[in-house]
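**Student:** Now for the letters of each chain:
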Amino acid sequence: MDDLIVKTITRLIVPFIQVYGIFIILHGHISPGGGFSGGAVLGSSMILFTLSYGLTDATKKLPHKVTGVLESGGIIWYILLGLMGILLGGKFLSNKEVGFFMGQAGEILSAGIIPLITVAIGIKVASTVITLFHTIIEED
Amino acid sequence: MSSQHFPVYSLLLLLAAAVIIPLLNKKSFSKVKLFLITVLVAVWGFTLKTLLFVYQSGAYSYNFGNWNEIIGVQFIVDEFSALMTLFVMSLAILILIYSFKDMEHEINKDQFTGYYTLVFILLFSMIGITYTNDLFNMYVFMEILSITSCSIISIKKKKENYMAAFRYLILNTIGSLSILMGIAMIYMVTGHLNMTQVYQTIAEVWQLYPTNILTAVGFILTGLGIKAAMFPLHIWLPDAHSTAPSPSSALLSSLVVKVYIFSVYKILFKVLGQSIVVALGVPTFITYFAAVGMIMGSVFAIGQKDIKRMLAYSSVAQIGYIFLGLGLVTIDGLSASMFHIISHGLMKSALFLSAGAIIYYKDKRNINDLDGIGYEMPITMFVFTVAAFGMIGIPGINGFMSKIYLSFAVLDANKPIYLILILASSFLNAVYYLPIIISAFLKESKDRKNIMEIDKLPKSMLIPMVILALGSIIMGFYPQLIMNVVEKAVPTFLF
Chain A
1406 MDDLIVKTIT RLIVPFIQVY GIFIILHGHI SPGGGFSGGA VLGSSMILFT
1456 LSYGLTDATK KLPHKVTGVL ESGGIIWYIL LGLMGILLGG KFLSNKEVGF
1506 FMGQAGEILS AGIIPLITVA IGIKVASTVI TLFHTIIEED
Chain B
122 MSSQHFPVYS LLLLLAAAVI IPLLNKKSFS KVKLFLITVL VAVWGFTLKT
172 LLFVYQSGAY SYNFGNWNEI IGVQFIVDEF SALMTLFVMS LAILILIYSF
222 KDMEHEINKD QFTGYYTLVF ILLFSMIGIT YTNDLFNMYV FMEILSITSC
272 SIISIKKKKE NYMAAFRYLI LNTIGSLSIL MGIAMIYMVT GHLNMTQVYQ
322 TIAEVWQLYP TNILTAVGFI LTGLGIKAAM FPLHIWLPDA HSTAPSPSSA
372 LLSSLVVKVY IFSVYKILFK VLGQSIVVAL GVPTFITYFA AVGMIMGSVF
422 AIGQKDIKRM LAYSSVAQIG YIFLGLGLVT IDGLSASMFH IISHGLMKSA
472 LFLSAGAIIY YKDKRNINDL DGIGYEMPIT MFVFTVAAFG MIGIPGINGF
522 MSKIYLSFAV LDANKPIYLI LILASSFLNA VYYLPIIISA FLKESKDRKN
572 IMEIDKLPKS MLIPMVILAL GSIIMGFYPQ LIMNVVEKAV PTFLF
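Taken in sequence, the protein lines are chains A and B.
The numbers in the working numbering rise by one with no breaks, and the one at position 125 of the first sequence is 1530.
The numbers in the working numbering rise by one with no breaks, and the one at position 53 of the second sequence is 174.
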């Protein structure tokens, strides 16, 4: 699709969508939303970019290799965070008992490993959404 | 390293390996294979260590994140789950070692790593279902399992694979949804998802809501019946198992179907409890379906021309045996059923792998083309013969012992009619297995003279098959080796 209006609007709107997605991911532990919904928003911003600028430009911005690494990295980050609980003497995914920083309820830096885990889920979901979309339109 | 974390390590190792495989260098298969074998052996070690730990210090439950069982996810590591994960991993190692050569023949090179990602996630979810003590967690693992098992069927990218996988996917979705419906109904009555908590609560409330619980059990058993290929719900199985690549068929037939039967055990005896299940009359109906399946599966298998399709129908009959032992609700019946799970896993994977070897080397699938193949591929046909004799019930092979145990259990339960059905089913097994063996060893081949020569298969394909056949023979001569372990696992369900 080669349309000036669509391209300009996309260029304007994509950063805001991404900031909103990051906001949802980072506030996953204190407000509605979280890793999955924020990741879906992040991924859909990239889908919008692909739709207006075409697949070649989109894969230049985010190659398959990078999304693949991000996908695996999200899961491995999650696993490592969970294993931290075992290392510090608790169970898998132990949080408060093993002394992660709990902070004040309602602030962003609180709830121990949960914000870190939502970040992992967000990265995983965003890269999966992008990879799925790119794979599907590549086959046409 | 405290031993109580070993189940979690085995799960995480499989998941981490599954996501690391795509990142590895796709050019050097040998390094990928080495990595896969290392991970599998490590996981196998963890499961073995878990079993030993459970024997030393008893069963325990593992709460994730130290949440208590009412709100958190819980794993139960008892004799049953530790034994069955060891069984799953042992068979999976053998099948995967076989698959390295066979898959190069069956799928494109660029999909090779993708296949192992899927298989590792499949193993991950199977181990998850076996350990879990949480109903919803079980459902989540089942969804992962059904999606990955559809993918390892459709990976061959042929028309019949897509048809079979699509049919499997649709029926699996119906099954999953009906399981979810049943879990929701149980949750509605008891207010818990943890199996132990449900068990404690349901004893108090089931008099108030008998219809609700009966409906819930009906939904769950229908769903699990579709996934475990109980007789009238088996229609996806022959297509799926026969079109899939041979290692996938072996995985699906000997492990995936069994994992759903573990869930049936858990739902019937850990969630509802023996007294409620018997009072609702559920096991009686299970035995009816099992008996029909035992006969009809074999009858359908007789008519098949394709060797893998015949083996797939034979699975339907053998699953009937497992459900028959389960439906007796006696300690003998349950241990016979668990013994048959293990022995059928060994025999059916040996059969599928040897059928796969014939397809790999000769590219022949039709039963009538196998004349004289015993002279060309003696080791493969020896494995096939041992496993087929086990299926028929020739003494000295594990299938005979599981039939003996099942027959004694049936007689103890005062239901001698099932003994006749077991015998009839054995004769029917002989009707379709013996002609293959006879034509393989006694008939003259069309294109070559019957001169004995050793199979020209790669060693990595021969050795797993031979280990499976030897395992069947050892288990047939010394059934107590397995039976002692199984008898310790049964009291986790029936007291």
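No lab work stands behind these hints: they were computed from the structure.
Bear in mind that the values here come from a model prediction, so they are computed numbers and not experimental data.
Note that the Cβ used here is the ideal one computed from N, Cα and C, for glycine as well.
Take these hints with a grain of salt, some might be off.
Covered, in the sense of this in silico footprint (three residues per stretch, anywhere, with C-beta under 8 Å from a C-beta of chain A), are these stretches of chain B [stated by the list, open to error]:
no. : region
1   : 140 to 147
2   : 280 to 288
3   : 436 to 448
The calculated lysine-lysine pairs, modelled on DSSO-like cross-linking and capped at a C-alpha distance of 27 Å, are [stated by the list, open to error]:
no. : chain 1 : residue 1 : chain 2 : residue 2
4   : B       : LYS277    : B       : LYS580
5   : B       : LYS170    : B       : LYS277
6   : B       : LYS580    : A       : LYS1465
7   : B       : LYS277    : A       : LYS1465
8   : B       : LYS580    : A       : LYS1470
9   : B       : LYS154    : A       : LYS1466
10  : B       : LYS148    : A       : LYS1465
11  : A       : LYS1470   : B       : LYS278
12  : A       : LYS1470   : B       : LYS391
13  : A       : LYS1470   : B       : LYS426
Covered by chain B, according to a simulated footprint, are these stretches of chain A (three or more residues, beta-carbon under 8 Å) [claimed, not checked]:
no. : region
14  : 1454 to 1468
15  : 1474 to 1486
**Student:** Taking the hints in turn, state whether each one holds.
**Tutor:** Structure-based check of all given hints:
no., hint, result
1, 140 to 147, "holds (count 4)"
2, 280 to 288, "violated (count 0)"
3, 436 to 448, "violated (count 0)"
4, B:LYS277 / B:LYS580, "holds (24 Å)"
5, B:LYS170 / B:LYS277, "violated (36 Å)"
6, B:LYS580 / A:LYS1465, "violated (45 Å)"
7, B:LYS277 / A:LYS1465, "violated (31 Å)"
8, B:LYS580 / A:LYS1470, "violated (35 Å)"
9, B:LYS154 / A:LYS1466, "violated (33 Å)"
10, B:LYS148 / A:LYS1465, "holds (24 Å)"
11, A:LYS1470 / B:LYS278, "holds (24 Å)"
12, A:LYS1470 / B:LYS391, "violated (46 Å)"
13, A:LYS1470 / B:LYS426, "violated (45 Å)"
14, 1454 to 1468, "violated (count 0)"
15, 1474 to 1486, "holds (count 6)"
In terms of the numbered hints stated before, the structure departs from hints 2, 3, 5, 6, 7, 8, 9, 12, 13, 14, listed from lowest to highest.
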